[in-house]
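Chemist: If you want the building blocks of each chain, they are given just below.
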Amino acid sequence: MKHILLVCGTGVATSTVARKKVEEALNDRGYKGKFTVDQGKVAEVGGLSPRYDLVVTTVRFDTSMSACPVIQGTQFLMGFGTGPVVDKIERALFGSDAK
Amino acid sequence: MSYILGFFSYIQGLGATVMMPIIICILGCIMGASFGKSLRAGLTVGVGFVGLNLVIGLMGSSLGAAVGAMSTRFGLSLSIIDVGWPSAAAIAFATQVGTFIIPVCLLTNIVLLFLRATQTVDVDIWNYWHFAFTGSLVAILTKSVGIGILAAIVNEVIVLVIGDVTGPDMEKVLDMPGVSIPHGYSGAFVPIAFVVNFVIDHIPGLKDVDVNLESIQKKFGVLGEPIIVGTIIGIILGLIAGDTVAQTLQLGVTLGGVLVLIPKMASLLMEGLMPVSEAAGGFIQKHMKGFGKMYIGLDSAVGVGNPLTLAIGLILVPLAILFAVILPGNHVLPFTDLAVLPYITVMVIPVCKGNGFRSLITGIICLIATLYIATDLSPLITVAAKQASFDMGTATAISSMCDGGNPLTWLLVRLYNLGNVAGMGIGIALAVFLIIWNKKRIAKIAKEVESETAAQ
Numbered sequence: 001m002k003h004i005l006l007v008c009g010t011g012v013a014t015s016t017v018a019r020k021k022v023e024e025a026l027n028d029r030g031y032k033g034k035f036t037v038d039q040g041k042v043a044e045v046g047g048l049s050p051r052y053d054l055v056v057t058t059v060r061f062d063t064s065m066s067a068c069p070v071i072q073g074t075q076f077l078m079g080f081g082t083g084p085v086v087d088k089i090e091r092a093l094f095g096s097d098a099k
Numbered sequence: 100m101s102y103i104l105g106f107f108s109y110i111q112g113l114g115a116t117v118m119m120p121i122i123i124c125i126l127g128c129i130m131g132a133s134f135g136k137s138l139r140a141g142l143t144v145g146v147g148f149v150g151l152n153l154v155i156g157l158m159g160s161s162l163g164a165a166v167g168a169m170s171t172r173f174g175l176s177l178s179i180i181d182v183g184w185p186s187a188a189a190i191a192f193a194t195q196v197g198t199f200i201i202p203v204c205l206l207t208n209i210v211l212l213f214l215r216a217t218q219t220v221d222v223d224i225w226n227y228w229h230f231a232f233t234g235s236l237v238a239i240l241t242k243s244v245g246i247g248i249l250a251a252i253v254n255e256v257i258v259l260v261i262g263d264v265t266g267p268d269m270e271k272v273l274d275m276p277g278v279s280i281p282h283g284y285s286g287a288f289v290p291i292a293f294v295v296n297f298v299i300d301h302i303p304g305l306k307d308v309d310v311n312l313e314s315i316q317k318k319f320g321v322l323g324e325p326i327i328v329g330t331i332i333g334i335i336l337g338l339i340a341g342d343t344v345a346q347t348l349q350l351g352v353t354l355g356g357v358l359v360l361i362p363k364m365a366s367l368l369m370e371g372l373m374p375v376s377e378a379a380g381g382f383i384q385k386h387m388k389g390f391g392k393m394y395i396g397l398d399s400a401v402g403v404g405n406p407l408t409l410a411i412g413l414i415l416v417p418l419a420i421l422f423a424v425i426l427p428g429n430h431v432l433p434f435t436d437l438a439v440l441p442y443i444t445v446m447v448i449p450v451c452k453g454n455g456f457r458s459l460i461t462g463i464i465c466l467i468a469t470l471y472i473a474t475d476l477s478p479l480i481t482v483a484a485k486q487a488s489f490d491m492g493t494a495t496a497i498s499s500m501c502d503g504g505n506p507l508t509w510l511l512v513r514l515y516n517l518g519n520v521a522g523m524g525i526g527i528a529l530a531v532f533l534i535i536w537n538k539k540r541i542a543k544i545a546k547e548v549e550s551e552t553a554a555q
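In the order they appear, the protein sequences are chains Y and S.
Residues 1 to 99 (the working numbering) are what the first sequence spells out, left to right.
Residues 100 to 555 (the working numbering) are what the second sequence spells out, left to right.
Heads up, some of the hints might be wrong.
Stated by the list, open to error - Stretches of chain S that chain Y covers, calculated by requiring three or more beta carbons in the stretch to come under 8 Å of a beta carbon on chain Y:
no.: 1; region: 270-276
no.: 2; region: 323-337
no.: 3; region: 369-379
no.: 4; region: 402-412
no.: 5; region: 428-442
Said to hold, decoys possible - Subject to a maximum C-alpha distance of 25 Å in a straight line, what follows is the list of computed BS3-like cross-link-like pairs (lysine-lysine):
no.: 6; chain 1: S; residue 1: Lys538; chain 2: S; residue 2: Lys385
no.: 7; chain 1: S; residue 1: Lys363; chain 2: Y; residue 2: Lys2
no.: 8; chain 1: Y; residue 1: Lys20; chain 2: S; residue 2: Lys385
Calculated directly from the structure, the hints in this document are not laboratory data.
Note that beta-carbon positions come from the ideal geometry of N, C-alpha and C, so glycine has one too.
Based on the sequences and whatever the hints tell you, model everything.
Modeler: Spelled out as structure tokens, the structure:
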């Protein structure tokens, strides 16, 4: 089970949008049930990231605050260009050949 | 016509928890989403509202007791409880103005785009709540929903123009080409930043000062975690109120819980809005091609990760509490919106060209203004909450440091203290002026780009 932390400014609006899209995209690719997604504020990354495998963020921040890898996900807010980002997430969590 | 008004009146009378799902469901279907999806979305919004009511009711009661005790023991009259922006947003969407806000603001954006008076496609439907908030307060003050809607439109026009004008700076700072920030809250502080920046530029000596604040995030980052902040404040309040050890600890955990639960409830609200938001965004993008330089309007949240933004946001937390206590005439108890203080500086920092000193000074000025404005607008906000059947527990007065402390909102609302006609007149004049000004500015940029490409 892989754990993703979705981060935005307040942990409310933009991270909800991104979370739904990430969940749908990963489910469509056959990973349903193999991951969890939680939301958080960018200010909480330091405290929360040790418990996660990956941080996906709609906000640009100093990635050294995170204990795990960080992937930029602003495309989820803009509504296009999300394919390559989901590719990156898939590779980071499950490796490119795992299914 | 009276049937339509009567229909809306009836739905509004059902209370926000029923009204919002119905409105969202209808909007979803109109935008082309399936009935099932629209129904689920509507119910999700309703559930978010139920959850928020529960948590705020709990907070109102817990804080209410502590506030009363503080007042008796120390004469501190911080009786206005800061319920936070998720509540303000929920209230804004649930009022009569809020009912119409999504189609009205979408239409306004589309009209402005066709008039070439804005470069921004504002797909950030969630943030229409800022305009609805202003509009709702005006509607209460003027006793007219129509005037309230007009105020919301004026608010949107101003914010769109600010988004356009700050577009190039935001693109650079965020490293996100094609993005602008038409944000009702963050954008409101841009004019203040302009003024502060201008003044400091003309003070010899001061104009070269800068401060490095980046390491603050590393050392004090824990102040940015809601669960910690809430618990600490709860314990401090319990101590001030003279509670027993047991009560103090309980208050601490309860308020920590409140600050963690509020975002989760608001997240549900957001989830329910998504189908409508996406459909609207898709519609606009499909029909708006070939208009020259266009921006996609996003939530200012995308800029909050900037180390300077975070650092200043953290510094403002203890300052907010300090100012709340020492500023005469302030009656707001900062709490839920301590988390939102970084949003003040998101668009200020680019205007100050990344200068930490100027950004901090601007932030402090905005913070002081916020407390006074939130105190001033509290009566109207409390009425709006009652109108939205919002549960405040035993609290009698609420506000929000976010839009309750928004200078632009305050301006647009208090215009109507001059009378309905004056308020409408000034508002419309301002909007028209900005539309014409922005249209000229956009045309000029387009011509410059044209002649550049022609010269190549």
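Chemist: Which earlier hints can't be squared with this structure?
Modeler: Violated: none.
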